[in-house]
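Undergrad: Listed in order, the protein sequences are those of chains A and B. Residue numbers are given in my numbering: position 90 of the first sequence equals residue 235, and the series is strictly consecutive. Residue numbers are given in my numbering: position 297 of the second sequence equals residue 442, and the series is strictly consecutive.
These are calculated hints, taken from the structure and not from any lab test. It should be emphasised that the depicted structure is a prediction, and the values quoted were computed from it without experimental measurement. Check the hints yourself; a few may be wrong.
No copy is singled out in the list; a pair is fine if it fits within one copy or between any two copies.
Stated by the list, open to error - Computed cross-link-like contacts, SDA-like style, restricted to lysine to any residue with a CA-CA straight-line distance of at most 20 Å:
no., residue 1, residue 2
1, Lys178, Asn151
2, Lys428, Leu410
3, Lys466, Ser389
4, Lys285, Ala468
5, Lys238, Asp393
6, Lys178, Val300
7, Lys287, Asn458
8, Lys166, His386
9, Lys285, Gln363
10, Lys258, Gly470
11, Lys166, Gln385
12, Lys166, Gly314
13, Lys466, Glu408
14, Lys446, Thr313
15, Lys166, Asp361
16, Lys166, Ser389
17, Lys153, Asp476
18, Lys178, Thr455
19, Lys365, Ile150
20, Lys154, Asp355
21, Lys287, Asp158
22, Lys238, Glu189
23, Lys149, Asn384
24, Lys287, Gly411
25, Lys166, Arg473
26, Lys154, His404
Number of protein chains: 2
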Amino acid sequence: MAIKINFKKDVIDLSIGAGGKSMHRLIEQLMQKAFNNEYLARQEDQAILPVLNGKLAFTTDSYVVSPYFFPGGDIGSLAVFGTVNDLAVGGAKPLYLSVGFILEEGLALADLKTIVESMAFAAQKAGVIIVTGDTKVVEKGKGDGIFINTTGVGVVSDKTATRHTLQTGDKIIINGNLAEHGVAVMSKRENLDFMTNIISDAAPLNGLIDYLLSHDCQIKTMRDPTRGGVAATLNEWANQHRASICIDETHLPISTEVHSACELLGLDPLFIANEGKVLIICKADDAEHVVRTMKQHPDGKNASVIGEITKINDQPQVVMKTAFGGMRRVDWLTGEQLPRIC
Amino acid sequence: MAIKINFKKDVIDLSIGAGGKSMHRLIEQLMQKAFNNEYLARQEDQAILPVLNGKLAFTTDSYVVSPYFFPGGDIGSLAVFGTVNDLAVGGAKPLYLSVGFILEEGLALADLKTIVESMAFAAQKAGVIIVTGDTKVVEKGKGDGIFINTTGVGVVSDKTATRHTLQTGDKIIINGNLAEHGVAVMSKRENLDFMTNIISDAAPLNGLIDYLLSHDCQIKTMRDPTRGGVAATLNEWANQHRASICIDETHLPISTEVHSACELLGLDPLFIANEGKVLIICKADDAEHVVRTMKQHPDGKNASVIGEITKINDQPQVVMKTAFGGMRRVDWLTGEQLPRIC
Numbered sequence: 146m147a148i149k150i151n152f153k154k155d156v157i158d159l160s161i162g163a164g165g166k167s168m169h170r171l172i173e174q175l176m177q178k179a180f181n182n183e184y185l186a187r188q189e190d191q192a193i194l195p196v197l198n199g200k201l202a203f204t205t206d207s208y209v210v211s212p213y214f215f216p217g218g219d220i221g222s223l224a225v226f227g228t229v230n231d232l233a234v235g236g237a238k239p240l241y242l243s244v245g246f247i248l249e250e251g252l253a254l255a256d257l258k259t260i261v262e263s264m265a266f267a268a269q270k271a272g273v274i275i276v277t278g279d280t281k282v283v284e285k286g287k288g289d290g291i292f293i294n295t296t297g298v299g300v301v302s303d304k305t306a307t308r309h310t311l312q313t314g315d316k317i318i319i320n321g322n323l324a325e326h327g328v329a330v331m332s333k334r335e336n337l338d339f340m341t342n343i344i345s346d347a348a349p350l351n352g353l354i355d356y357l358l359s360h361d362c363q364i365k366t367m368r369d370p371t372r373g374g375v376a377a378t379l380n381e382w383a384n385q386h387r388a389s390i391c392i393d394e395t396h397l398p399i400s401t402e403v404h405s406a407c408e409l410l411g412l413d414p415l416f417i418a419n420e421g422k423v424l425i426i427c428k429a430d431d432a433e434h435v436v437r438t439m440k441q442h443p444d445g446k447n448a449s450v451i452g453e454i455t456k457i458n459d460q461p462q463v464v465m466k467t468a469f470g471g472m473r474r475v476d477w478l479t480g481e482q483l484p485r486i487c
Numbered sequence: 146m147a148i149k150i151n152f153k154k155d156v157i158d159l160s161i162g163a164g165g166k167s168m169h170r171l172i173e174q175l176m177q178k179a180f181n182n183e184y185l186a187r188q189e190d191q192a193i194l195p196v197l198n199g200k201l202a203f204t205t206d207s208y209v210v211s212p213y214f215f216p217g218g219d220i221g222s223l224a225v226f227g228t229v230n231d232l233a234v235g236g237a238k239p240l241y242l243s244v245g246f247i248l249e250e251g252l253a254l255a256d257l258k259t260i261v262e263s264m265a266f267a268a269q270k271a272g273v274i275i276v277t278g279d280t281k282v283v284e285k286g287k288g289d290g291i292f293i294n295t296t297g298v299g300v301v302s303d304k305t306a307t308r309h310t311l312q313t314g315d316k317i318i319i320n321g322n323l324a325e326h327g328v329a330v331m332s333k334r335e336n337l338d339f340m341t342n343i344i345s346d347a348a349p350l351n352g353l354i355d356y357l358l359s360h361d362c363q364i365k366t367m368r369d370p371t372r373g374g375v376a377a378t379l380n381e382w383a384n385q386h387r388a389s390i391c392i393d394e395t396h397l398p399i400s401t402e403v404h405s406a407c408e409l410l411g412l413d414p415l416f417i418a419n420e421g422k423v424l425i426i427c428k429a430d431d432a433e434h435v436v437r438t439m440k441q442h443p444d445g446k447n448a449s450v451i452g453e454i455t456k457i458n459d460q461p462q463v464v465m466k467t468a469f470g471g472m473r474r475v476d477w478l479t480g481e482q483l484p485r486i487c
């Protein structure tokens with residue numbers, strides 16, 4: 146007879162990561178039940194999946210966010226949405242995820258259960274299946290509760306392939322408010338209770354992107370501005386395409402709460418991670434249609450053109466026209482304002 | 146001008162995991178250089194790969210081995226071979242790997258460089274490409290030097306698909322000596338210098354498996370006996386197929402050194418992790434051909450039939466005929482003799 150795990154009282158111990166009975170018990174009573182699909186049910190060390198009808202898209206991310214529960218989400222939903230979004234912004238349809246847990250001895254199984262169930266819910270929301278996994282346990286003091294790696298596989302049809310050449314005048318569009326994920330995690334970490342109405346924007350972007358593509362939006366390239374924020378993504382583009390980019394501070398969608406929180410904490414929302422935002426570059430002529438279409442979708446209500454490509458084949462740089470009419474350089478930070486935000 | 150990293154003196158700091166300049170510098174000067182391929186060179190958050198000609202195989206593993214350098218390998222080569230092997234034993238041709246690093250603040254960049262270069266060498270040896278990656282950094286005391294997740298994608302052609310029904314009389318074959326990985330890591334961890342001639346068996350199995358398949362070896366199913374050792378794999382099979390399995394102690398290939406080390410430390414080689422071994426089940430009539438073919442390959446020199454399926458559709462159990470002629474139950478352990486062995 147299988148011993149029932151007490152998810153209310155038990156904690157992770159080293160035996161669970163060791164490939165023996167305890168590990169199998171946890172996988173059967175928690176992961177297989179929550180993720181519930183034919184591939185995991187086979188209990189093999191690899192999933193054998195149907196033939197893909199197109200090019201293979203492949204992406205990985207480890208999640209080490211601290212704390213692992215935060216307003217608007219947790220490390221589990223973040224790990225699903227983050228990896229789904231890295232596929233979606235590559236023009237791929239996200240299909241399958243793998244999950245690798247690194248658990249610290251002493252982690253409450255109640256927390257693990259909440260996180261695993263949150264992953265299952267997030268996967269369902271994003272339309273992906275968690276088909277294979279791995280669980281390791283490290284001694285107390287050699288980890289931090291829970292780290293999660295998710296790796297995603299998707300398929301790219303010729304229709305959805307992006308990555309076109311950029312041109313002077315191309316517009317840069319975002320689908321909504323900046324910095325909500327980073328500020329929400331920060332508020333929880335620092336116990337800043339007055340910020341409790343700021344919640345993470347963590348969400349899957351594939352629904353919105355599908356909607357845009359099926360409404361004839363011509364997208365040149367997309368990225369999700371996560372670690373390092375919008376500033377990092379713009380600088381990556383500037384470097385990659387040898388482009389000058391100019392954004393307009395007055396066009397950046399930022400909620401009053403996030404704006405106040407950032408002022409108070411001395412943080413710049415341009416550098417703070419987002420987990421449900423996409424930056425899109427398109428031709429100037431297509432920008433209005435893209436923004437209008439975005440606004441019709443629940444995940445694009447606050448869409449805005451935030452800037453444009455001002456030169457190509459130049460010294461890469463990103464600048465911002467400030468609210469006061471001046472110009473300011475937006476360099477990427479050497480490090481980060483907020484470590485372990487995702 | 147890009148600042149040159151001093152790989153001899155520098156250590157990992159939190160800024161490196163933050164998506165800013167330091168992280169890009171590390172990726173450009175270390176990972177992209179070592180792994181060196183067109184997909185990584187694109188610096189996107191996802192790799193877009195060619196259409197696969199067959200079913201997709203997908204597997205993930207996180208590696209937390211301690212210490213991260215051990216006789217015969219390191220966490221880097223282990224992370225490549227382990228994931229390659231999980232694809233190969235599923236009957237897939239391993240093609241692409243992703244890599245996710247979780248680094249602890251203070252890790253010497255010299256160590257990281259050695260590990261990354263070891264991964265590159267291992268990938269070349271196994272014939273796979275590391276096409277996408279992620280690097281996170283956690284504060285000192287919240288990790289343990291380095292954890293690595295690798296996730297692998299392979300392709301299964303109809304020819305190589307395995308997983309047949311098992312029958313009474315089917316033989317169980319291993320390609321060589323037991324327990325060398327676990328004992329090698331243990332000897333290093335415990336500073337047992339007298340064991341220095343025991344080195345990890347970590348190796349890619351896809352070469353050997355290709356060789357068997359191309360020499361008409363009829364394989365019913367395969368697994369690599371890693372965590373929990375041969376005992377765990379046999380018990381997994383027994384459970385999955387409701388089979389009784391009997392192995393013969395005198396037929397288990399174990400080196401004199403490993404045998405002595407296990408006696409001294411009170412460890413049972415059946416429960417110790419291997420990282421270059423495959424267990425194969427085939428029809429009784431095919432066993433001789435499989436073993437003979439294995440022995441012709443450098444990774445199968447010590448191949449041996451170690452046991453057989455004695456009953457199907459029965460209470461699952463694994464037993465061993467001991468060297469003294471008695472019978473002993475081989476249950477899987479609740480936990481593990483050796484934590485953090487892979």
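Undergrad: Now look at each hint and say whether the structure bears it out.
TA: Hint-by-hint comparison with the structure:
For a Cα distance limit of 20 Å, the shortest separation of Lys178 from Asn151 inside one copy, 15 Å, qualifies, whereas the shortest one across copies, 48 Å, does not. When the C-alpha separation of Lys428 and Leu410 is checked against a cutoff of 20 Å, the pair qualifies neither within a copy, at 37 Å, nor between copies, at 69 Å. In this assembly of identical chains, Lys466 and Ser389 lie within 20 Å of each other by CA distance solely inside one copy; the values are 13 Å within and 74 Å between copies. For a Cα distance limit of 20 Å, the shortest separation of Lys285 from Ala468 qualifies neither inside one copy, at 49 Å, nor across copies, at 40 Å.
Taking the closest pair of Cα atoms, Lys238 and Asp393 never come within 20 Å of each other, the shortest separation being 32 Å inside a single copy and 50 Å across copies. Taking CA atoms no more than 20 Å apart as the test, Lys178 paired with Val300 passes in neither setting, with 27 Å inside one copy and 28 Å between copies. For the homomeric pair Lys287 and Asn458, neither the shortest alpha-carbon distance inside one copy (47 Å) nor that between copies (43 Å) is at most 20 Å. Within a single copy, Lys166 and His386 get their C-alpha atoms only as close as 53 Å, which misses the 20 Å cut-off; across copies the closest is 17 Å, which meets it.
In this homomeric assembly, Lys285 and Gln363 never come within 20 Å of each other (Cα to Cα): the closest approach is 51 Å inside a single copy and 46 Å across copies. In the homo-oligomer, the alpha carbons of Lys258 and Gly470 never lie at most 20 Å apart, since the shortest distance is 51 Å inside one protomer and 46 Å across protomers. In this homomeric assembly, Lys166 and Gln385 come within 20 Å of each other (Cα to Cα) only across copies, at 14 Å, whereas the closest approach inside a single copy is 50 Å. In this assembly of identical chains, Lys166 and Gly314 lie within 20 Å of each other by CA distance neither inside one copy nor across copies; the values are 61 Å within and 27 Å between.
Taking the shortest Cα distances, Lys466 and Glu408 sit within 20 Å of each other inside one copy (19 Å), while across copies they are farther apart (73 Å). Taking the shortest alpha-carbon separations for Lys446 and Thr313, neither the intra-copy value of 27 Å nor the inter-copy value of 63 Å comes in at or below 20 Å. Taking the shortest Cα distances, Lys166 and Asp361 never come within 20 Å of each other, neither inside one copy (53 Å) nor across copies (36 Å). For the homomeric pair Lys166 and Ser389, the shortest alpha-carbon distance between copies (18 Å) is at most 20 Å, but the shortest distance inside one copy (58 Å) is not.
Taking the closest pair of Cα atoms, Lys153 and Asp476 never come within 20 Å of each other, the shortest separation being 48 Å inside a single copy and 28 Å across copies. Taking the shortest alpha-carbon separations for Lys178 and Thr455, neither the intra-copy value of 53 Å nor the inter-copy value of 32 Å comes in at or below 20 Å. With identical chains, the CA atoms of Lys365 and Ile150 are never at most 20 Å apart, being 51 Å at best within one copy and 34 Å at best between copies. For a Cα distance limit of 20 Å, the shortest separation of Lys154 from Asp355 qualifies neither inside one copy, at 43 Å, nor across copies, at 48 Å.
Both within a single protomer and between protomers do Lys287 and Asp158 lie at most 20 Å apart by alpha-carbon distance, with minima of 13 Å and 17 Å respectively. For a Cα distance limit of 20 Å, the shortest separation of Lys238 from Glu189 across copies, 16 Å, qualifies, whereas the shortest one inside one copy, 25 Å, does not. In this assembly of identical chains, Lys149 and Asn384 lie within 20 Å of each other by CA distance solely across copies; the values are 18 Å between and 55 Å within a copy. In this homomeric assembly, Lys287 and Gly411 never come within 20 Å of each other (Cα to Cα): the closest approach is 32 Å inside a single copy and 26 Å across copies.
Taking identical chains as interchangeable, the C-alpha atoms of Lys166 and Arg473 lie at most 20 Å apart only when they sit on different chains, with a minimum of 19 Å there against 60 Å within one chain. Neither within a single protomer nor between protomers do Lys154 and His404 lie at most 20 Å apart by alpha-carbon distance, with minima of 41 Å and 41 Å respectively.
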